[in-house]
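Build the full structure now, drawing on both the sequences and the hints.
Heads up: the sequence lines are chains A and B, in that order.
With the first sequence counted from 1, adding 69 to any position gets you our numbering.
With the second sequence counted from 1, adding 69 to any position gets you our numbering.
Hint data in this document are derived by calculation from the structure and do not stem from the laboratory.
Quick caveat, the model's predicted, so the values are computed rather than measured.
Please note that the accuracy of each hint is not assured.
[Stated by the list, open to error] Simulated coverage check for chain A against chain B, where a stretch passes if three residues somewhere in it have a Cβ under 8 Å from a Cβ of chain B:
no., region
1, 141-151
2, 171-180
3, 253-267
[Said to hold, decoys possible] What follows is a set of in silico ranges between Cβ atoms, one per label pair, in the way DEER data are often shown:
no., chain 1, residue 1, chain 2, residue 2, range
4, B, G99, A, A124, 45 to 51 Å
5, B, A231, A, R132, 46 to 52 Å
6, B, S217, A, A101, 45 to 51 Å
[To be verified] Computed cross-link-like contacts, SDA-like style, restricted to lysine to any residue with a CA-CA straight-line distance of at most 20 Å:
no., chain 1, residue 1, chain 2, residue 2
7, B, K243, A, K243
8, A, K243, B, K192
9, A, K243, B, L267
10, B, K192, A, G163
11, B, K192, A, E100
12, B, K243, A, N171
13, A, K243, B, R279
Beta carbons are placed, not taken as given, at the ideal position from N, Cα and C, and that holds for glycine.
Number of protein chains: 2
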Amino acid sequence: MSLKAERISELTVNRLSVYLRCLDELAAQGEATVSSQALAERFSLNSAQIRKDLAYFGEFGIRGLGYNIDLLRTHLTQILGLDAPRRVGVIGAGNLGTALANYDGFARSNFAVVSLFDTDPAKIGGVVSGQIPINDFANFAAVVSASSIDIAAIAVPARVAASVLDAVVEAGIKGVLNFAPIRLRAPAGVKIKHVDLLVSLESLSYFLARGASLAKLDDDTDPTSI
Amino acid sequence: MSLKAERISELTVNRLSVYLRCLDELAAQGEATVSSQALAERFSLNSAQIRKDLAYFGEFGIRGLGYNIDLLRTHLTQILGLDAPRRVGVIGAGNLGTALANYDGFARSNFAVVSLFDTDPAKIGGVVSGQIPINDFANFAAVVSASSIDIAAIAVPARVAASVLDAVVEAGIKGVLNFAPIRLRAPAGVKIKHVDLLVSLESLSYFLARGASLAKLDDDTDPTSI
Chain A
70 MSLKAERISE
80 LTVNRLSVYL
90 RCLDELAAQG
100 EATVSSQALA
110 ERFSLNSAQI
120 RKDLAYFGEF
130 GIRGLGYNID
140 LLRTHLTQIL
150 GLDAPRRVGV
160 IGAGNLGTAL
170 ANYDGFARSN
180 FAVVSLFDTD
190 PAKIGGVVSG
200 QIPINDFANF
210 AAVVSASSID
220 IAAIAVPARV
230 AASVLDAVVE
240 AGIKGVLNFA
250 PIRLRAPAGV
260 KIKHVDLLVS
270 LESLSYFLAR
280 GASLAKLDDD
290 TDPTSI
Chain B
70 MSLKAERISE
80 LTVNRLSVYL
90 RCLDELAAQG
100 EATVSSQALA
110 ERFSLNSAQI
120 RKDLAYFGEF
130 GIRGLGYNID
140 LLRTHLTQIL
150 GLDAPRRVGV
160 IGAGNLGTAL
170 ANYDGFARSN
180 FAVVSLFDTD
190 PAKIGGVVSG
200 QIPINDFANF
210 AAVVSASSID
220 IAAIAVPARV
230 AASVLDAVVE
240 AGIKGVLNFA
250 PIRLRAPAGV
260 KIKHVDLLVS
270 LESLSYFLAR
280 GASLAKLDDD
290 TDPTSI
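Right, dumping it as structure tokens:
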């Protein structure tokens, strides 16, 4: 596989994740091969974009035959690093943190929420979703180490998010998913993904304000955007 | 304003939303003007991308002086349709729906969650966040009409999301934010934004699997990606 990782954009990576989801669905339906055109039509994607994104990582398709679905799934799984389990710690055991712990989208993935963290004595010691403990955030670094947590999800109010990030970085975490409505800056070597609900809503607002153009704009939709 | 709306991509729209957030922060700090370079450096954005995105909508900057922050905020607010209030109905009064109703990122926005909906008799009639009622989903269309709801957020399990979307579309809603871990297809004229947590996590996984390339990849980061 000719991996030119230094030229791969974050959007390409997001799209690989979407492609993998689509291929999983086709495989579950018993399909063995799919062309970039068929994949695009079926899931409202862009076929040229699919070919371009996959070309960064090698030659997966055969002209006229398309992609072998199982083979491409295996490649994408490896490229995305999904062949290893990922253990997620959720900071903030409020509604959002609890929703993350209960999220049914993780069930068939390699991601598992292994601990919640909070500072509220009334919550510490509790259990969510049947088995996920709520630990004291004061012990964050120790639990991260003992439980081999490699991703932190920040689900706390905006005003405390920056100090939570400091503790997360100090504990050696390299991947952070931030739900707090504030842009956090990561030090070098740490990757933060922001889940900003307001951006999604504002984008909807744009489309609502321009209802007439919707059909055309849909052609241009990026499948990974939220 | 020369509005070439038919060529504006969803990613550009997402970025306008991010720019507006950044300008709000600069304005709050008393800044009056900012160059695309300074804006990019300050918020880890891409200056060429900023100029290109804004150029779709007109000439906002003055060479050598940069952008007038207040003027650009006004323009972006209009472009994004944020000068009108948007009323959001949240379907599913579980942890995620409740978290959305309590989301503190909406406080200074034009978005307000005005109703939750559920089918659980034990939840219907309740109130969240002090004032937001939980209505019976069976009455969705009537409440949408009475409460002038124009955006629906779907926060239900994947297995019922498609039937919920049918009811949402039937009620005349044109903008949908979907949190269920399933790709829903909207009929023409309806815009769906997917908030897919697995895509964010899988992207983090990619970066974790390639720790050494992180610094370079960060340069290429799209500010709007989740």
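Status of each hint after checking the structure:
1. 141-151: As far as the region 141-151 of chain A goes, the hint holds, because 4 residues have Cβ atoms under 8 Å from chain B.
2. 171-180: holds (count 8)
3. 253-267: holds (count 11)
4. G99/B - A124/A: 45 to 51 Å: holds, 48 Å
5. A231/B - R132/A: 46 to 52 Å: violated, 35 Å
6. S217/B - A101/A: 45 to 51 Å: Holds, since S217/B and A101/A (Cβ atoms, about 50 Å apart) stay within the stated range.
7. K243/B - K243/A: Violated. K243/B to K243/A sits at ~39 Å, over the 20 Å cutoff.
8. K243/A - K192/B: Not OK: K243/A and K192/B at ~39 Å, beyond 20 Å, violated.
9. K243/A - L267/B: holds, 17 Å
10. K192/B - G163/A: holds, 18 Å
11. K192/B - E100/A: Given that 20 Å is the threshold and the Cα spacing comes to 42 Å, the pair is violated.
12. K243/B - N171/A: The given pair, whose Cα atoms are some 29 Å apart, is violated under the 20 Å limit.
13. K243/A - R279/B: Holds, because 11 Å separates the two Cα atoms, which is no more than 20 Å.
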